[in-house]
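K.L.:
Sequence:
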Amino acid sequence: MTRKVTKAVFPVAGLGTRFLPATKSVPKEIMTLVDRPLVQYAIDEARAAGIKEFIFVTSRGKSALEDYFDHSPILEQELRKKGKTELLEILKTTNMDSGAIAYIRQHRALGLGHAVWCARRLIGDEPFVVMLPDDVIAAEKPCLQQMVEAYAETGGNMVAAMEVPTEKASSYGMLDVAEDMGAVVSVKGMVEKPPAAETPSNLAVIGRYILAPSVLKNLNKIKSGAGGEIQLTDAIAQDIENGNPVYGYRFRGQRFDCGSKAGFLQATVAFALARADLRDDLSQYLVELMQSREAAE
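For the sequence shown, the UniProt record's numbering begins at 1 and goes up steadily by one.
Mixed in with the good hints there might be a few duds.
[Claimed, not checked] Each computed DSSO-like pair below joins lysine-lysine, with the alpha-carbon atoms no more than 30 Å apart: (1) 7 with 141; (2) 62 with 221; (3) 188 with 141; (4) 92 with 82; (5) 52 with 217; (6) 217 with 4; (7) 24 with 92; (8) 188 with 168; (9) 92 with 81; (10) 217 with 62; (11) 52 with 62; (12) 193 with 7; (13) 217 with 193; (14) 141 with 168; (15) 221 with 7; (16) 7 with 62; (17) 4 with 188; (18) 168 with 261; (19) 92 with 52.
Think of the hints as simulated: they come from the structure by calculation, not from any bench.
Please take these sequences and the hints and turn them into a complete structure.
P.N.:
Printed below as a string of structure tokens:
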């Protein structure tokens, strides 16, 4: 029987340089996708999967992220006074109970593996989740919930996986598949950002992981890898060598790379079109925009 997963690590120490100048004063994770910060989508997904403890690995300049999850008594009082109960309920979903959330500083940008390693004392000897808020996934059943349900059957380690064109393999950690069982694949190896000609498959790892505590022990021994950083992929691959199972999970849903400007804009349009209160106006605008561009050409 697998142990229940209740802790999640959110590595959010990056500077967000691809979104400068906005991220000069605003953490990328609280940039707004329609009307919710990126990080709220990750939190909601984690809650739906049964996560109870939220560990944020941050850096200098991220105080606005911490403030976002705090209670705002004055704002709540004003909404209550004006009878804006719907907004009040929305606001409550952004609050974190005392003790449910913790913040750890990553003082040097040494990679995803190092960021996860920074949280080792709060994770202890328990399985845990790693979620990258840049990867926003639109799904009928939240991606992490799908994974937790599959993990209850497999145990071991599990990573979210999606098929990508071979020429894009150098942008991802890629899976070397031992056995393809449909939604779940057994993994015999992982390669971080291989050249297209050397990728072992077309299955890429994206920002959802369920990991055994043994991965943290591996991180203690891992030296810097691709890009001069400590790679989480290397620590997971080491677990395979140590005889611990690793699985890839083909999730049902659409992933948006909100760490890029194009992906962020695509997600904004997709999530807005999914909203009944925004769909008609936005659809009409997009149609008119395309017509005007075609006419101009």
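K.L.:
Look at each hint and say if it fits the structure.
P.N.:
A quick look at each hint next to the structure:
no. : hint         : in the structure
1   : 7 with 141   : 20 Å, holds
2   : 62 with 221  : 29 Å, holds
3   : 188 with 141 : 28 Å, holds
4   : 92 with 82   : 16 Å, holds
5   : 52 with 217  : 23 Å, holds
6   : 217 with 4   : 20 Å, holds
7   : 24 with 92   : 28 Å, holds
8   : 188 with 168 : 21 Å, holds
9   : 92 with 81   : 16 Å, holds
10  : 217 with 62  : 28 Å, holds
11  : 52 with 62   : 22 Å, holds
12  : 193 with 7   : 28 Å, holds
13  : 217 with 193 : 23 Å, holds
14  : 141 with 168 : 27 Å, holds
15  : 221 with 7   : 23 Å, holds
16  : 7 with 62    : 21 Å, holds
17  : 4 with 188   : 25 Å, holds
18  : 168 with 261 : 17 Å, holds
19  : 92 with 52   : 16 Å, holds
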